[in-house]
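Dock chain B against chain A, hints included.
Just so you know, the protein sequences line up as chains A and B, in that order.
Letter 109 of the first sequence, counting from 1, is numbered 109 in the numbering used here, and no numbers are missing.
Letter 340 of the second sequence, counting from 1, is numbered 340 in the numbering used here, and no numbers are missing.
Any given hint could turn out to be false.
Keeping only pairs whose Cα atoms sit at most 30 Å apart, straight-line, the calculated DSSO-like set for lysine-lysine is [claimed, not checked]: (1) A/Lys225 with A/Lys79; (2) B/Lys537 with B/Lys462; (3) A/Lys37 with B/Lys42; (4) B/Lys584 with B/Lys539; (5) A/Lys112 with B/Lys462; (6) B/Lys570 with A/Lys112; (7) A/Lys265 with A/Lys309; (8) B/Lys584 with B/Lys570; (9) A/Lys275 with A/Lys79; (10) B/Lys383 with A/Lys37; (11) B/Lys537 with B/Lys30; (12) A/Lys37 with B/Lys540; (13) B/Lys30 with B/Lys570; (14) A/Lys265 with A/Lys151; (15) B/Lys30 with A/Lys37; (16) B/Lys540 with A/Lys117; (17) B/Lys462 with A/Lys37; (18) B/Lys584 with B/Lys598; (19) B/Lys383 with A/Lys129; (20) A/Lys117 with B/Lys462; (21) B/Lys610 with A/Lys37; (22) B/Lys30 with A/Lys117; (23) A/Lys265 with A/Lys79; (24) A/Lys37 with B/Lys537; (25) B/Lys383 with A/Lys112; (26) A/Lys117 with B/Lys610; (27) B/Lys598 with B/Lys540; (28) B/Lys89 with B/Lys30; (29) B/Lys42 with B/Lys89; (30) B/Lys537 with B/Lys570; (31) A/Lys37 with B/Lys584; (32) A/Lys117 with B/Lys598; (33) B/Lys539 with A/Lys117.
Hints listed in this document are in silico derivations from the structure and should not be mistaken for laboratory results.
Bear in mind the structure is a predicted one, so any value in this text is a computation, not a measurement.
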Amino acid sequence: MLNTIIIIAAILILVILFAIFRVSSLVDVIKGDSSTKIPSSNGLQANLLLLFLIAGLIGGFYYSFGGLEDDFVLPVASKHGVITDTLFWWTMAITGVVFIVTHIFLFGFSWKYQHRKNQVAYFYPHNNKLEMIWTIIPAIVLAALVFTGWKAWMDITRESPEGSEVIEIMGYQYAWSVRYPGADNVLGDYDYLKIDATNQMGIDFSDRASFDDFIPREIHVPKGKPVRFNIRARDVIHSVYQPHFRLQMNAVPGMPTQFWFEPTKTTEEMRVETKNPDFQYELVCNKICGQGHFAMRYIIVVDELEDYKEWFKSQEPWLKQNADYLTEVPAKLREAASIVAGIENPSDLDAPNGLTISGSK
Amino acid sequence: MSITDIQVTDELVHGDDHHEEHHEQSFIFKYIFSTDHKTIAKQFLITGIFWAILGGGLSVIFRLQLGFPDMDMGFLQPFLGDWISNSGKLDPEFYLAMITMHGTIMVFFVLTAGLSGTFSNYLIPLQLGARDMASGFMNLLSYWFFFLSSVIMFISMFLSTGPASGGWTIYPPLSALPQAMSGSGMGMTLWLVSMVFFIASTLLGGINYITTVINLRTEGMTFRRMPLTIWAFFITAVLGLLSFPVLVACVLLLVFDRSFGTSFYLSEIFIGGEALPNLGGSPILFQHLFWFLGHPEVYIVILPALGITSEVISTNSRKPIFGYTAMIGSILAIAFLSFIVWAHHMFITGMNPFLGSIFMFLTLIIAIPSAVKAFNYITTLWKGNLVFTPAMLFSIGLVSFFISGGLTGLFLGNAAIDINLHDTYFVVAHFHLVMGSAAFFGLLAGVYHWFPKMFGRMMDEKLGYIHFWLTFVGVYLVFFPLHYIGIAGFPRRYYSFTNFDAFSSFVDLNSFVTVAAIITFGAQFIFLFNFFYNIFKGKKAPLNPWNSNTLEWTTPRIPEHGNWPGEIPKVYRWPYDYSKPGAKDDFIPQTVPYHQTKESNTDFENEESKKEQPAT
Numbered sequence: 001m002l003n004t005i006i007i008i009a010a011i012l013i014l015v016i017l018f019a020i021f022r023v024s025s026l027v028d029v030i031k032g033d034s035s036t037k038i039p040s041s042n043g044l045q046a047n048l049l050l051l052f053l054i055a056g057l058i059g060g061f062y063y064s065f066g067g068l069e070d071d072f073v074l075p076v077a078s079k080h081g082v083i084t085d086t087l088f089w090w091t092m093a094i095t096g097v098v099f100i101v102t103h104i105f106l107f108g109f110s111w112k113y114q115h116r117k118n119q120v121a122y123f124y125p126h127n128n129k130l131e132m133i134w135t136i137i138p139a140i141v142l143a144a145l146v147f148t149g150w151k152a153w154m155d156i157t158r159e160s161p162e163g164s165e166v167i168e169i170m171g172y173q174y175a176w177s178v179r180y181p182g183a184d185n186v187l188g189d190y191d192y193l194k195i196d197a198t199n200q201m202g203i204d205f206s207d208r209a210s211f212d213d214f215i216p217r218e219i220h221v222p223k224g225k226p227v228r229f230n231i232r233a234r235d236v237i238h239s240v241y242q243p244h245f246r247l248q249m250n251a252v253p254g255m256p257t258q259f260w261f262e263p264t265k266t267t268e269e270m271r272v273e274t275k276n277p278d279f280q281y282e283l284v285c286n287k288i289c290g291q292g293h294f295a296m297r298y299i300i301v302v303d304e305l306e307d308y309k310e311w312f313k314s315q316e317p318w319l320k321q322n323a324d325y326l327t328e329v330p331a332k333l334r335e336a337a338s339i340v341a342g343i344e345n346p347s348d349l350d351a352p353n354g355l356t357i358s359g360s361k
Numbered sequence: 001m002s003i004t005d006i007q008v009t010d011e012l013v014h015g016d017d018h019h020e021e022h023h024e025q026s027f028i029f030k031y032i033f034s035t036d037h038k039t040i041a042k043q044f045l046i047t048g049i050f051w052a053i054l055g056g057g058l059s060v061i062f063r064l065q066l067g068f069p070d071m072d073m074g075f076l077q078p079f080l081g082d083w084i085s086n087s088g089k090l091d092p093e094f095y096l097a098m099i100t101m102h103g104t105i106m107v108f109f110v111l112t113a114g115l116s117g118t119f120s121n122y123l124i125p126l127q128l129g130a131r132d133m134a135s136g137f138m139n140l141l142s143y144w145f146f147f148l149s150s151v152i153m154f155i156s157m158f159l160s161t162g163p164a165s166g167g168w169t170i171y172p173p174l175s176a177l178p179q180a181m182s183g184s185g186m187g188m189t190l191w192l193v194s195m196v197f198f199i200a201s202t203l204l205g206g207i208n209y210i211t212t213v214i215n216l217r218t219e220g221m222t223f224r225r226m227p228l229t230i231w232a233f234f235i236t237a238v239l240g241l242l243s244f245p246v247l248v249a250c251v252l253l254l255v256f257d258r259s260f261g262t263s264f265y266l267s268e269i270f271i272g273g274e275a276l277p278n279l280g281g282s283p284i285l286f287q288h289l290f291w292f293l294g295h296p297e298v299y300i301v302i303l304p305a306l307g308i309t310s311e312v313i314s315t316n317s318r319k320p321i322f323g324y325t326a327m328i329g330s331i332l333a334i335a336f337l338s339f340i341v342w343a344h345h346m347f348i349t350g351m352n353p354f355l356g357s358i359f360m361f362l363t364l365i366i367a368i369p370s371a372v373k374a375f376n377y378i379t380t381l382w383k384g385n386l387v388f389t390p391a392m393l394f395s396i397g398l399v400s401f402f403i404s405g406g407l408t409g410l411f412l413g414n415a416a417i418d419i420n421l422h423d424t425y426f427v428v429a430h431f432h433l434v435m436g437s438a439a440f441f442g443l444l445a446g447v448y449h450w451f452p453k454m455f456g457r458m459m460d461e462k463l464g465y466i467h468f469w470l471t472f473v474g475v476y477l478v479f480f481p482l483h484y485i486g487i488a489g490f491p492r493r494y495y496s497f498t499n500f501d502a503f504s505s506f507v508d509l510n511s512f513v514t515v516a517a518i519i520t521f522g523a524q525f526i527f528l529f530n531f532f533y534n535i536f537k538g539k540k541a542p543l544n545p546w547n548s549n550t551l552e553w554t555t556p557r558i559p560e561h562g563n564w565p566g567e568i569p570k571v572y573r574w575p576y577d578y579s580k581p582g583a584k585d586d587f588i589p590q591t592v593p594y595h596q597t598k599e600s601n602t603d604f605e606n607e608e609s610k611k612e613q614p615a616t
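Isolated chain A (complex conformation) (with noise of 0.2 Å):
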């Protein structure tokens, strides 16, 4: 009944709307006024134009500097951010500037020379100094854009530095795995035809160094020290993204890629910078995988380096939570692999089903 009455009063504001435009025009043909090639509201249009120039430019400021750049400008909370954003402001500087003027001059010749009628266009083709001085600037200012920005693009995507840690970053639908090399500092080999329900990485287990391997529930790093991520991906492309570390790099199935950063900020530390007690840095999707792209979330904590330090010798092995995994462990590593794991009660392993094994007690 309701959207019986909607339909019909909608019909009704149409039919009225057409009526009042049937008038108008009829009036429009009655004044004669289409004898004239100039609209009649010229003049207005043209201070309708000022008007959003002017317009624009209040809303622009307010909605810029009226306190609420604190939402959108998020805290960096990285070395090269710092760079990345300095770049990004002084980018804004200049386009800002060139933006409020070009449209100072659009809007304001589009009011100041309105068509009045004694007023004769002036003939004006060209004027090869301007057309000069206007490819010249833009050019010189380019190319100062380019060039620090090549700076910041070359020291940020170069080889990480001696001593990184290096942690592996996995995106599939939908979620994140991350594993981290253990205690040798190495991560050990994949390989994708062994991933299974369990081994979501595909971690190979013929390589040593992935005996003590670990994959934890989130994602800590060191503040102060570089942080390498490897990342792939298993099914789609994925995207790593932070925005507060300004950190981002595509996660590619079969190609695998890389990003180093240096965290500045602990999580407790953005925690009273932002006045948000729960603050988490979080890992986020940014390239299109799926349905469930939206949902991939995951938390990065950044510790203090000995808490980091702490936190990084308390994690088990993989292979220790997963003790039937040492079947894949070629037979002479077998013992190798369950001491690096710490598994303490192997012998089992020869029994023909190893999935009796319950190494974590």
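Showing chain B alone in chain A's frame:
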């Protein structure tokens, strides 16, 4: 029948005075399978309008989801069926399908076919003084391939598994594997088939535009006397001809990967509980091929709009376009550079960072010719005598969008800054302004400007003004705020932001944007009414309603097949002699010889006038 007709006219292009043998055609050949460029242009326009409504409508639905995440969308169930759950929630996968279709429709069907297809077809013969396109039959095929492609894409939206949903850029493996999302099944197949027909259409059209511009210019219409519209359409066609075939290659390899077990783009994939056998492919290869088209494509979209704007701004400023040569030069420079900047879409895909720095350098160079264009438009306004027709307002709006969106390109083209902005709403704001809205405004400016020629009647000015102001202000209210949430790191293509603390702010801003989008979309219905109503009921148009110089205004009110009833007019001058000092009117059409305008000639032009044949 109509084919031979065209061939006859082609031979008669230059100076033939017995082209009165016009014969009545049956309805089908006159309006449906027509080879007349004017009819084909209108077909492109109407199809484009249909797609624009659909594409815009989709954006309103997904904006509702973003602006009002808790809304009960049950009322959409009659249209969307199972894509709305019983609790009134939009299906997350259909959300992705809608953004994919919105992008595909807008970029390809509206702003490529709808814009180039309409105005290149309509204006190239009329502004050059040709009876029709070089090949009317190819032109007919061009439209009908587009129509076929449209039908296939439209059908794909009704599949139970949904249309393609991996984003309009259809990056594999997501688009290659039906296991990854249901839209990558039949929906994706139809998308690929549709695009192949679409590309065929674009190529047939493009070859025609290029040939016509090179071969069928009327006497006196040298390249230096061509209106900037034609220059823009010409270069656009060249761009399309060089870049679209690469998309075919790109898409064909994807078809092989999808259907025939090859591994061009696939490697080491474990999905749906099983490891796939594909090894050695590279998803990055797809991105290189895709953006090799994709980047020229954005210029294919914007250049015709800039060409239209040049013409409209010059005419309505009553002033020559400032820097005609520089405008042509910048079109050429943009066209050339557009082929060597594609990888700026890929800075953070894992591509070698060294490549990234090369592409950053090339990308920022392309800002220079773009800046020249903007400055030249503004200088054209300076000391003009501006007439604000709706077309003029839309052109000024275009320049504003082109500047706003172009400037944010300097952020995204800078690889270091792009790290944090890539794939956020900042990018959404950037390209919606610089190519989406700007090109759309070019399309609207063109419709308002050439409607009197197309249909012999005038559109209503007042409705045009209301349409302009609602749309112009609306577009800024929609896209300007998106920069802010982009800086805040909001990722694009998100169904909802509530999962993240970092993105849980700005709920009211998102609602505001949605309301603005609905109003902007609603304002387009004013245009639709104005357009369709005045085709039939509009005031009859005078022959040259805007006092313009170009050739199309020398045709009869409704040009018949063949455009000019008698001889094709000759051209004696460039198209921008507005407000020439000494001239009695503020415009001198291209058909007026120099020896008739002694009072306004320069010395050089007086020399030229001696060479002219006295007019008969």
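I'd like to know which numbered hints this structure contradicts. Please list them from smallest to largest. 6, 15, 21, 22, 26, 27, 28, 29, 30
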